[in-house]
Every structure is written in C-alpha cells, then in structure tokens.
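Number of protein chains: 4
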Amino acid sequence: MSIKVGVVGAAGFAGIEVVRNLIGHPEFELIAATSNELAGKRIEEVYPNFVGCTDLAFTAHEDAPLDSCDVVFLAVPHTAALAQAPTLMKSGASVVDLSADFRLKDPAVYEQWYQVEHTATDLLAKAAFGLPELFRSDLEALAQRRSQGEPVLVGCAGCYPTATSLAAAPAIRAGLLGDGPVVADAVSGVSGAGKKATERTHYCFADENLEAYGVGTHRHTPEIEQILGIEGRLVFTPHLAPLDRGLLSTVTLPLGDSAITQSQLDELYQSFYANDAFVSVLVGGKQPKTSSVAGTNRAHVAAVYNAHANVIVATGAIDNVGKGAAGQAVQCANIICGLPETTGLVSIAIPA
Amino acid sequence: MSIKVGVVGAAGFAGIEVVRNLIGHPEFELIAATSNELAGKRIEEVYPNFVGCTDLAFTAHEDAPLDSCDVVFLAVPHTAALAQAPTLMKSGASVVDLSADFRLKDPAVYEQWYQVEHTATDLLAKAAFGLPELFRSDLEALAQRRSQGEPVLVGCAGCYPTATSLAAAPAIRAGLLGDGPVVADAVSGVSGAGKKATERTHYCFADENLEAYGVGTHRHTPEIEQILGIEGRLVFTPHLAPLDRGLLSTVTLPLGDSAITQSQLDELYQSFYANDAFVSVLVGGKQPKTSSVAGTNRAHVAAVYNAHANVIVATGAIDNVGKGAAGQAVQCANIICGLPETTGLVSIAIPA
Amino acid sequence: MSIKVGVVGAAGFAGIEVVRNLIGHPEFELIAATSNELAGKRIEEVYPNFVGCTDLAFTAHEDAPLDSCDVVFLAVPHTAALAQAPTLMKSGASVVDLSADFRLKDPAVYEQWYQVEHTATDLLAKAAFGLPELFRSDLEALAQRRSQGEPVLVGCAGCYPTATSLAAAPAIRAGLLGDGPVVADAVSGVSGAGKKATERTHYCFADENLEAYGVGTHRHTPEIEQILGIEGRLVFTPHLAPLDRGLLSTVTLPLGDSAITQSQLDELYQSFYANDAFVSVLVGGKQPKTSSVAGTNRAHVAAVYNAHANVIVATGAIDNVGKGAAGQAVQCANIICGLPETTGLVSIAIPA
Amino acid sequence: MSIKVGVVGAAGFAGIEVVRNLIGHPEFELIAATSNELAGKRIEEVYPNFVGCTDLAFTAHEDAPLDSCDVVFLAVPHTAALAQAPTLMKSGASVVDLSADFRLKDPAVYEQWYQVEHTATDLLAKAAFGLPELFRSDLEALAQRRSQGEPVLVGCAGCYPTATSLAAAPAIRAGLLGDGPVVADAVSGVSGAGKKATERTHYCFADENLEAYGVGTHRHTPEIEQILGIEGRLVFTPHLAPLDRGLLSTVTLPLGDSAITQSQLDELYQSFYANDAFVSVLVGGKQPKTSSVAGTNRAHVAAVYNAHANVIVATGAIDNVGKGAAGQAVQCANIICGLPETTGLVSIAIPA
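Residue numbers (this note's numbering), protein chains in the order written: chain A, 1 to 352; chain B, 1 to 352; chain C, 1 to 352; chain D, 1 to 352.
Hints may be right or wrong, so weigh each one.
Note: identical chains are not told apart, hence a pair may lie in one copy or across any two.
[Claimed, not checked] Capping the alpha-carbon separation at 30 Å, the derived lysine-lysine pairs in BS3-like fashion look like this:
#1 41 to 195
#2 196 to 41
#3 195 to 286
#4 286 to 196
#5 105 to 90
#6 286 to 126
#7 286 to 41
#8 41 to 105
#9 4 to 105
#10 286 to 4
#11 286 to 90
Hints in this document: simulated from the structure, not taken from any laboratory. None of these values were measured; they are calculated from a predicted model.
Could you build all of it, start to finish, from the sequences and the hints given here?
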C-alpha cells in the first residue's frame with residue numbers, strides 16, 4: 001500500500017524538484033502539490049518538462065487534501081513552516097521541512113540570525129536534523145516513533161551546509177582540527193537564488209559573472225557551525241556563478257598537532273562514507289565536479305592535505321536543489337518511513 | 001532472463017549516454033563497453049558522473065565479449081559500422097547502429113554525400129530505419145524476425161533528422177505541403193560536435209556565440225529528405241549555440257491549396273502522436289523548449305499556421321544525445337526485443 | 001565645440017549602451033540620462049561597470065536639461081516616442097529614436113501590427129530610417145537639413161531587421177529573388193528580451209534552452225518586409241538562445257531564373273559593402289559568428305549559393321544591443337551631425 | 001613618433017589580447033605578431049573579431065622584425081621567456097614578459113615550483129615586478145633607466161596573484177594581519193586554461209560545472225606570498241567556473257589585535273587606491289562582479305570586516321586576460337615608456 005504524500009510550496013524550485021522525485025517513486029503516492037499563486041494550473045503548464053508525465057495540477061493550500069497525507073514536504077519560506085508544521089502534525093502527518101525553521105537546535109540562535117521569534121520550540125526539540133550521512137541514527141529514531149503512530153518532524157539541512165559539512169565532517173570528527181578560523185568559500189548555481197525573477201536571477205546579470213554575496217552575514221553560517229561543532233569559528237562566504245544547478249564548497253581546515261598523510265586522509269574519508277550510497281570520496285588527486293552530480297541526490301567529496309600551510313582543503317560538490325534540498329528531503333522521508341533510503345533516488349547525472 | 005547487450009564506441013558522447021541508459025535498464029544487462037583508446041580504464045574514472053554507479057571498465061574492441069551479446073549498439077563513426085555490423089550479425093547479435101551507415105536506403109545517395117563506397121548493401125536492404133514514431137511497423141517487423149532467431153539491424157535516425165521530421169511529418173503526411181523549398185533551420189548544443197576537443201568545442205569559442213555551419217552541405221540533408229519524401233527540396237541549415245544538450249529544428253512548410261485552421265492543425269498533430277509516449281504536441285501558442293527534454297528520450301513539437309505567408313512553421317525540440325541518439329537507440333532496441341518501448345526510458349527533465 | 005546629447009530611457013539595456021558609447025565619444029557631450037524609476041541614482045550604482053568611469057546620475061525626465069540638447073536619443077517603449085519626439089523637436093533637438101514608432105512608413109501598417117494609433121504622422125513623413133548601410137543618403141539628407149537649423153528625426157532599425165536585412169539586401173537589390181516565401185529564422189541572446197526580470201529572462205529558464213517565440217506574430221515582420229521590399233512574403237521566426245549579446249539571422253532566398261555562382265555571389269556582397277566600415281563580408285565558406293561582433297557596432301554577413309534547392313542562404317551576425325540598437329543609433333547620430341559615421345565606435349570584440 | 005612594439009606568442013589568449021589592446025593604441029605601433037604555428041595567416045582569419053580591423057598577419061618568430069622593436073611583449077610559456085629575453089634585450093628592446101619567468105625574485109623558489117633551472121638570474125635581478133598599483137615606483141625606475149637608453153625588463157604578475165593581491169594588500173600593508181593561514185579561494189573563467197583544446201576546455205565538460213584544481217600545488221602560490229610578504233602562510237585554491245573571462249579571488253585574512261571597524265576598513269582601501277585609475281573600491285556592502293570588468297584592464301575590490309570570526313574577507317574581481325595578463329602588460333609598457341599608464345586602456349565593460 002502506497003504512502004500518501006503532499007508537497008506544500010510545490011511551485012518553487014525546491015518544491016517542484018520534490019515533485020519530480022515523487023513522480024515515479026515506487027512507494028510514495030503524490031496526492032497534493034500546493035501553490036496558492038498557481039492554484040488550478042496543471043503542473044505541465046507551468047513546468048513543461050512535465051508534459052506527458054503527470055496530470056496533476058497545483059491546488060490552493062486550503063483546498064489540498066493534506067490531512068490525508070502520511071508525509072508532507074514543506075518547501076516554503078522560513079516562518080511559514082513554523083506556522084504550518086504544528087497543524088499538519090496534529091492531523092497526523094509527518095513533516096519533512098525544507099525551510100530553515102527546524103534546523104537550528106537553539107531557538108536563540110535562530111532568533112538572532114533570522115530576526116524572528118521561534119514559535120514552535122516544542123516541535124523543534126523533537127525534530128531530527130535532515131542530513132542522513134551525519135545524523136542517520138536520529139532519523140532512524142524518528143522512523144521508530146513514526147512506526148508507532150507518532151507524527152515526526154525533520155528539519156532538512158540547507159544546501160551550503162550539506163556540501164560544506166559532508167566535505168569537512170570526516171576530518172573534524174576525527175579530531176584533526178586545530179585552532180583558528182575554518183574558512184568555507186562556496187559557489188552556487190543561480191537556482192540557489194530561487195524562482196523569483198530579480199536582477200540577481202536575470203540571465204544578463206548572472207551570465208559571465210562571478211560574485212560573492214552575503215559576506216559575513218549568510219544565515220547558513222550558524223547551521224554549518226552547529227553541524228560541525230565549530231561555533232564562532234566559521235568564515236562562510238557564498239558566491240554565485242553562471243550555472244543552473246550545482247554547489248561546490250571548499251573548506252580550509254587548520255590542522256592541529258596530529259600528523260597526517262594524504263593516504264591516511266583518503267582512507268579516513270573513504271571509511272567514513274563506506275556505507276553511504278549517495279556520498280562518494282574521490283582520491284588520487286581527483287576533485288569533485290558539480291556536473292557529476294547535477295540532477296541527482298549524490299555528493300562527491302575530496303580532502304587534500306596541504307603541508308605548505310598545514311591545513312586540509314576539503315571540497316564537496318552537490319546539486320543545490322538535489323542533495324541540497326529536494327533529494328535530501330525525499331531521502332529523509334524514505335528513512336522515516338522505513339524504506340531503503342535510496343528508494344526512487346538512483347538517477348545518474350548526464351555524462352558531459 | 002536478461003538480454004545481454006554491448007556498446008561499441010562507448011566512450012563518445014552517444015556511446016556513454018547509451019551506457020547511462022542501460023545501467024538500471026530492467027531488462028538489458030550491459031556486459032561490454034568498448035573503447036580502444038580508453039581500454040582498461042574504469043568508466044567512472046573517465047566520466048565521474050558514474051562514480052558509485054557502475055564498476056564496469058572500458059574494454060578494447062577485440063577483447064569484448066560481443067559474441068555473447070544479444071544486441072550490440074554501434075556508437076561509431078560512419079564506415080566503422082559498415083565494417084562491424086556484418087561480423088556481429090554473423091555471431092548472432094542484432095545491431096542497433098547509431099552511425100549514418102544504414103540510414104539512407106539508396107546506396108548511391110550514401111556514396112554521394114559520404115564520399116565512400118557502401119560495402120554492406122545486402123544488410124542495408126534488410127535494415128529498418130530507427131525512428132519509431134514514423135516507422136514503427138518496420139521495427140516491429142524486425143522484432144518478429146528476431147523472435148524467430150534472425151539477427152536484425154536498425155539504422156537509427158540522426159539528431160537533426162529526428163527533430164526536423166517529428167516536427168514536419170504530420171503536416172506532410174496529411175498532404176498539406178505545397179510547392180517550393182522546405183526550409184529547416186536547426187540549432188544544436190555543443191555536444192552535437194562530439195567529445196573531441198577542437199576549436200569548435202572549446203568553451204571560449206563556443207560560449208556567447210551563435211553561428212551557422214555546413215550551410216548547404218550537411219549530410220543530414222538527404223536523410224531528412226528521405227524520411228519526409230521531399231527529395232531535392234530541402235534547405236537545411238544547422239547552427240551551433242552555447243548549450244550542452246538540446247536541439248531545436250524550425251521547419252517552414254509552404255502550403256498548397258488546402259485550407260487549414262490553427263485548431264485543425266493542432267488536432268492533426270495531436271492525433272498523429274496520440275499513441276506515442278515520447279512525443280508531446282504543444283498547442284495554444286506554446287513552443288517547444290529544449291530544456292524541457294534535456295537528458296531524456298522525449299520530443300516536444302508544435303505547428304503554427306501562418307496566414308501572412310501561407311506556410312506552416314513546425315518546431316521540434318529534443319536532446320540531441322537523447323532522443324537524437326542514445327535514447328532513440330535504446331527505444332529501438334526495446335522494440336526489436338519485444339519490450340514496451342518505454343522500458344528504462346521514463347526519466348523527466350530537470351524543471352528549470 | 002561639443003555637441004550636447006541626452007538619452008531618454010537610459011536605464012534599459014539599449015539606453016545604457018548608448019550611454020556607454022557616449023562616454024568617451026570625442027564629439028558628443030552627454031548631459032542627461034533619464035530614468036524616472038532610478039532618478040537620483042548614480043549610473044555606477046546601478047551598472048557597476050561604470051564605477052570609476054562616470055559621475056553622471058540618472059535624472060527624472062522632467063528634470064533633465066533636454067531642451068539644451070542638440071540631439072536626444074529615445075530608448076523608450078513604442079508609443080512613448082510618439083509622445084516625446086514632437087516636444088523635443090519643438091525645443092530644437094534632433095531625435096534619434098530607438099523605438100518602433102518611426103520605422104514603418106505606412107501608419108496603417110504600424111497601427112495593424114502595434115494595435116495603437118500613430119499620432120505623429122507628420123513627423124513620420126519626414127523621418128529617415130536608421131540603417132545607414134541601406135539608407136545612407138536619407139540620413140545624409142537629414143544632415144543637410146539639420147545643418148540649416150532644422151531639427152530632424154531618425155527612426156532606427158530594430159535588431160532583427162538590421163541583421164536580416166544586411167544579410168539579404170545585396171541579393172534582393174541585385175534582383176536575384178524568385179517567387180515564394182522568404183524565410184528568416186533568427187536567434188537572439190537574452191538581452192533582446194530587455195532588462196525587466198521575468199520568467200523569460202530568468203537565468204534558470206533561459207540557460208541551456210532553445211526556443212522559438214512570437215511565431216508568425218513578431219512585429220519586426222513588416223519592418224523587414226518594408227526594408228527589403230517583400231511585403232507579404234516574409235516568414236520570420238525569432239528564437240531565444242542562452243547568451244547575453246548576439247543575434248544571428250539566417251535568411252533563405254528562393255532564386256529566380258538568373259544563374260549565379262558562389263564567386264559571383266561573394267563579389268556581389270563584397271562590392272555592395274565595400275564602403276561600409278561596420279559591415280564585413282565573409283567568404284571562402286566562413287560563417288558569421290556573433291562573438292566576433294559582441295559589444296561593437298559591427299556586422300558580419302555571408303551568402304551561400306545552394307544549388308541543391310536553388311536558393312541563397314544569407315546569414316548576418318550582430319550584437320543586438322550594439323549594431324542592433326545603441327551602436328546604430330550613435331552611428332546615425334554621427335551622420336546627421338556631419339561627423340564621420342565611425343566616430344566613437346571603433347571598438348573590437350573580445351577575441352574569444 | 002610612435003613606439004614600435006612586437007608581440008611574441010601572439011596567437012594565444014593573452015597574446016591576442018595584447019594585440020587587441022595595441023591596435024588603436026595611440027602611441028604604440030604594432031609591427032610584429034609572432035606565431036610559429038600560424039605563421040603566414042592573417043590575424044583576422046584566425047580570430048574573426050579582427051575582420052576589418054587589421055591587415056596584420058602572424059609571422060614566424062625568426063622572420064619577425066623584433067630587433068626593430070622598442071618594446072617586445074612575451075606571451076609565451078615559462079622557460080621560453082628565459083630563452084628569448086636576453087637576445088631581445090641585447091638587440092636593444094625592452095621586454096614586458098607575461099610568463100612566470102621573471103616574477104619570483106628568488107631563483108630557488110622558481111626552481112622549486114617550476115622544476116626547471118633559472119638561466120637568466122642576472123636579468124631577474126634587474127627586472128621589475130609588473131603590478132603597477134603595488135610596485136609602481138619600481139616600474140618608474142625602469143622608465144628612468146630606459147629613457148637613458150637601457151633596455152629594461154618587466155615580469156608581469158599572474159592573473160590569480162593580481163586579483164588576490166589587489167584585494168589583500170591594503171589590509172596587509174596596514175599591518176592588520178594576525179597569525180594563521182591566509183586563505184585565498186579564487187575562481188576563474190575558462191580562458192584561464194588557455195587556447196589549447198583539451199577536455200578541461202571542452203564546452204561540454206566546462207559548461208554547468210564547478211571544480212577546484214591544482215589544490216595545494218598551483219604555481220601562483222609563491223608569487224602571491226612574495227607580493228604580500230606572507231611566505232609559507234598562503235592556502236591558495238583555484239577553481240574553474242563556466243564563463244569565458246573573469247576571475248574573482250576571495251581572501252580571508254585573520255586579524256591581529258588591532259581593532260578595526262567597517263568604515264575604517266573602507267577608508268583604508270579607498271585611500272590606498274585613491275590614485276589608481278584602474279582599481280575601484282566598492283563600499284556600502286557592494287561586492288565586486290567580474291562582469292563589471294570583463295574585457296577591460298580594471299579591477300574592483302572590497303573588504304568586509306567579519307567580527308564573528310575576527311577576520312577580513314577581501315575580494316577582488318578582474319578579467320583574467322585583461323588586468324590579469326594583457327591589459328596589465330600594456331599598462332606596464334605605458335609606464336616604462338613614460339606614457340600615462342591609462343593610454344589606450346580606457347574601455348568600459350558591457351553593462352549587462
């Protein structure tokens with residue numbers, strides 16, 4: 001018997017990619033895709049890649065059969081999830097939230113960076129962080145609770161935190177990090193700026209351009225620090241580059257006294273991700289390419305020991321809308337529903 | 001029991017996309033991917049999108065277990081298929097050829113445009129043309145013969161012929177075409193120029209550039225004329241644009257005396273492709289977008305009646321490496337093996 | 001003594017490129033750049049390519065010293081020029097209009113295609129069409145009148161008409177055109193869609209995509225027909241491709257009875273443009289590339305005789321915002337001011 | 001009287017951009033552009049952006065009138081400049097070298113990173129480093145010597161060192177740098193990989209892709225360390241992104257004990273570059289965009305004080321082939337010839 005699912009905010013880039021992942025998912029049945037703005041329009045009218053692939057139409061939030069859903073994906077702006085999650089969970093649905101509302105464990109940190117009150121701290125306390133490779137047991141615990149009839153909540157990791165943390169976590173969890181700032185310079189494709197037409201997303205301004213943005217102020221900073229346990233030490237600088245899908249994070253980790261060789265580092269990383277279907281470690285000098293994972297839920301990581309300055313330079317490539325948002329959400333949904341986490345997520349990127 | 005398949009010339013853009021389509025195909029088992037140049041290298045070393053997806057390595061042609069294959073895909077330059085198909089078929093394999101060697105029914109036309117002798121005219125006579133939506137019964141006849149133990153041969157349509165013919169065929173087969181030249185101006189992404197690194201495929205020369213090429217001399221001209229039955233009337237001008245995957249053909253068809261309305265034209269096209277899973281007709285003023293079909297075996301077509309000059313402007317969008325090559329080859333293979341033609345080919349393009 | 005000039009609608013893509021051409025122009029002094037929306041903002045704040053290049057700020061239309069201008073460039077939507085040109089000319093300024101308001105000689109044709117009344121038919125009757133290579137003597141006649149104190153008006157050619165007409169005019173004016181439709185399939189970069197942020201100009205929708213638009217309905221149709229004298233015979237289909245600047249038009253001209261060889265055609269074209277600094281004819285099989293003219297006022301054209309279908313395929317490449325708009329406007333302004341037409345317009349495109 | 005100049009290695013991306021800068025330069029007369037590979041071909045045949053702009057042809061090195069040149073630009077691979085500079089200077093020419101051969105002051109460092117002997121250490125000792133904004137007096141000293149008849153030598157800064165150093169130098173020279181690694185993550189367009197057609201420069205591999213390369217091993221590391229005086233402390237990671245021209249370097253500088261505010265930092269940077277025509281400091285939260293300087297010799301920089309981790313994040317945007325190579329070389333040539341350094345270099349980037 002299929003598991004009924006709905007997507008709230010289905011018309012945005014993350015939401016519609018959840019829809020794409022759900023069409024053809026062998027266990028989930030998509031019964032609602034909401035968009036107040038586009039209510040009544042067939043999905044294929046708005047996104048013509050779906051022509052011939054689905055008859056589903058967007059529905060207004062209030063008209064959607066969300067209370068018949070077993071799982072609801074929230075692909076909404078922050079604060080909207082704060083408002084919607086409690087209602088959905090009361091109706092019995094588990095919630096996989098792609099917004100920032102249930103990521104930061106400390107409401108005070110949320111309130112500091114997002115400048116808004118956290119109005120669902122009780123749910124936050126019981127939510128799991130949705131980055132399975134680093135917090136799988138928390139998600140499995142939710143699966144256990146859900147199997148006993150309790151609606152559960154996942155706050156999925158953001159795109160920059162996913163790539164940055166997958167790149168840095170093996171070294172940091174192994175205790176290799178010394179003193180000083182951790183520098184994460186990350187570059188994202190334009191889809192990261194969202195579907196809204198703005199000067200930033202205008203082709204003629206984004207094309208043939210590179211720029212940093214949100215320098216020192218990007219809200220993914222505390223999220224990365226929380227994941228990696230490096231509070232107050234992260235210098236995170238996001239950049240925009242002229243491509244659609246793709247995110248590369250380059251993390252420079254100052255080493256402590258521990259000596260390490262490149263081959264030990266390779267082994268450490270390979271061992272760390274040995275059981276993760278979606279994360280591959282590149283060794284032998286190969287570097288992750290975002291094109292290798294575009295359109296998928298995969299991540300490629302590498303770590304290079306740099307003796308010159310006694311640091312590790314770790315890199316992680318993902319599709320910001322895939323593993324950085326929609327793919328990860330479906331992966332988390334798979335886990336909390338007791339399914340193999342790869343269910344419906346096995347696509348391979350275009351070769352070149 | 002799975003059907004054993006091999007890919008000859010698996011390292012090129014068309015070959016590797018056949019490989020991508022075959023990994024995960026539920027009925028075909030890929031047992032050989034040849035590349036004399038890259039023999040011994042694991043596929044994932046050469047194309048890192050396959051990291052974690054396959055352990056297969058390229059093999060030299062002579063070392064590949066091609067005689068154990070039920071079906072062999074030839075993704076080789078023209079003339080190479082002439083040399084290889086007879087041997088493969090003698091060993092019992094059916095052949096799906098992506099090259100130009102078995103497309104043109106008249107060897108004299110082949111020899112005129114390709115400036116080389118056709119050395120397998122007996123096979124050519126028995127081959128079917130691989131464009132299922134327009135010649136499905138020929139392919140089904142091959143399925144019948146193959147089911148009786150006879151190795152069969154498909155000469156798959158080229159990329160420009162596929163998009164151009166899918167756009168123009170419904171109008172032409174309905175007898176709407178009047179006198180005068182048929183003009184097909186088509187634009188392709190750079191992958192159409194192949195994997196070889198040249199000035200044409202150099203990023204800095206292809207980026208931010210549009211140009212026509214092969215004006216009046218492109219070898220797809222006689223192929224399109226054969227498909228559409230418009231010998232000597234086609235003006236085909238291909239162009240290059242700065243994208244990876246995608247091909248759009250715009251065909252201007254002079255009308256005869258028959259009167260037609262836009263709604264009749266829409267109905268004609270919708271009816272023509274009513275039973276084709278991979279071809280969708282856009283109506284209501286919508287125009288095909290190559291991004292809607294990138295990475296897939298789908299085609300989008302539209303036809304506009306232009307009273308101002310009494311012509312039809314028909315447009316067709318495909319992924320030149322997908323429906324224009326590898327996807328189509330797998331679709332043909334499905335048919336000659338008696339499988340549903342959509343088997344393993346149901347992916348949906350990235351929304352935006 | 002410098003010639004004082006102003007730009008109305010300076011914040012759009014065409015207007016700001018006029019500004020770029022005027023800064024550093026040795027004879028024109030830019031004293032006003034209007035934008036009601038951005039009034040008060042320094043140009044460099046809005047377009048950071050001007051940082052350190054000009055201190056000029058946008059002014060509101062009503063605050064701009066337009067009545068002190070010798071020449072005013074109108075880079076405004078159609079109908080706005082209808083409203084503004086009379087006032088400006090009464091104040092003594094000559095007007096170079098980049099909009100469509102003064103291009104079509106027959107007001108009835110204007111009203112048919114633009115669905116609005118032409119309210120300045122007296123000015124229209126005296127205006128010259130701004131495409132110097134094909135109508136230079138008309139512009140020189142304006143220069144004569146202006147030198148005698150009469151404000152004059154130029155209606156500059158549109159982007160598609162410029163590329164299409166430069167490609168086709170030599171053959172048509174030589175009487176080579178036979179019967180039947182003339183097909184112009186043209187491809188433009190996204191800057192042609194303007195500065196406004198829309199789904200069409202969103203990076204993620206334009207990137208990796210090709211599509212036709214305005215099929216059978218584009219308003220440049222009658223303009224091209226007027227320039228080439230082929231009323232009712234043009235099939236014009238514009239397309240969008242993923243680049244910023246660049247426009248390529250491919251024109252298929254059915255031949256009449258006149259015999260022609262490729263070398264005669266090359267000579268015809270070279271002779272036609274022998275005295276035009278901005279138009280270069282490519283021969284020997286070379287095809288125009290938009291990247292060769294990006295950022296400049298140049299045009300590259302070629303013509304290929306196709307014996308197969310007895311047609312000429314003529315191609316023309318321009319920068320749609322350069323020779324297709326702003327560069328051409330400055331070239332026209334140079335002419336009506338009695339300056340060498342190349343003044344301030346000699347830049348060379350980036351090599352690759 | 002014009003100054004005669006030649007370009008050795010004129011067919012590569014840096015060389016041909018020097019040629020573009022020299023055509024139309026009011027003081028330099030280009031009399032030789034060498035390319036052994038393309039000798040005899042007219043420049044416009046190879047780079048069609050020059051059609052109609054120059055009649056010059058490439059000449060073989062040995063046939064070029066280099067001994068008639070006052071200044072020779074060497075746009076050759078490293079070691080080739082070592083071989084050629086001595087001969088040219090003996091013939092009386094001053095040399096502006098774009099290669100790496102005369103950048104590193106300590107031959108041992110050169111030999112360590114380039115794995116080849118430095119065979120012209122006497123010239124190296126007398127050469128100036130070609131980054132005028134940071135070492136202008138050294139170049140002016142060369143101008144003085146040259147004016148007395150002595151051939152002089154400039155070793156121009158590399159592309160990454162230029163952007164990185166312009167961004168970081170004001171803070172470092174002001175003594176703000178504390179302990180710990182300096183992290184420079186820089187992203188370059190594909191033109192930085194050179195004209196050679198390779199898999200790296202293939203459109204289909206570079207398009208829609210981000211990747212790091214040369215992690216820990218890039219040869220610009222010691223050059224940046226030398227410029228900034230931070231030997232052994234730099235972690236430099238270059239990246240490739242899908243654009244033609246453009247380079248952005250993001251430098252994270254750990255602060256020492258000195259307190260600083262954002263406004264003090266802005267003032268420090270503005271004051272530092274107050275007299276530099278080509279470097280603009282962005283303040284008020286604006287970040288440098290490579291599109292703002294593409295095709296020019298300009299640089300945009302900004303510095304952000306990050307109290308969270310007590311660092312400065314400084315960013316610098318240039319055109320890697322412009323200010324990062326050819327433009328800078330012409331700027332240096334201007335200075336050593338006693339010309340205003342902006343001569344012939346005042347172009348403005350395309351607005352969008």
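Status of each hint after checking the structure:
1. Taking the shortest alpha-carbon separations for residue 41 and residue 195, both the intra-copy value of 17 Å and the inter-copy value of 27 Å come in at or below 30 Å.
2. Proximity of residue 196 and residue 41 under a CA criterion of 30 Å is satisfied in both settings, with 18 Å inside one chain copy and 24 Å between copies.
3. In the homo-oligomer, the alpha carbons of residue 195 and residue 286 lie at most 30 Å apart only across protomers (20 Å), although the nearest pairing inside one protomer, at 33 Å, exceeds that limit.
4. Taking identical chains as interchangeable, the C-alpha atoms of residue 286 and residue 196 lie at most 30 Å apart only when they sit on different chains, with a minimum of 21 Å there against 36 Å within one chain.
5. Only within a single protomer do residue 105 and residue 90 lie at most 30 Å apart by alpha-carbon distance; the minimum there is 22 Å, versus 67 Å between protomers.
6. For the homomeric pair residue 286 and residue 126, neither the shortest alpha-carbon distance inside one copy (40 Å) nor that between copies (40 Å) is at most 30 Å.
7. Taking identical chains as interchangeable, the C-alpha atoms of residue 286 and residue 41 lie at most 30 Å apart only when they sit on different chains, with a minimum of 15 Å there against 45 Å within one chain.
8. Taking the shortest alpha-carbon separations for residue 41 and residue 105, neither the intra-copy value of 38 Å nor the inter-copy value of 43 Å comes in at or below 30 Å.
9. For the homomeric pair residue 4 and residue 105, the shortest alpha-carbon distance inside one copy (29 Å) is at most 30 Å, but the shortest distance between copies (52 Å) is not.
10. Neither within a single protomer nor between protomers do residue 286 and residue 4 lie at most 30 Å apart by alpha-carbon distance, with minima of 42 Å and 33 Å respectively.
11. For the homomeric pair residue 286 and residue 90, neither the shortest alpha-carbon distance inside one copy (48 Å) nor that between copies (43 Å) is at most 30 Å.
Violated hints for the displayed structure, listed by number in ascending order: 6, 8, 10, 11.
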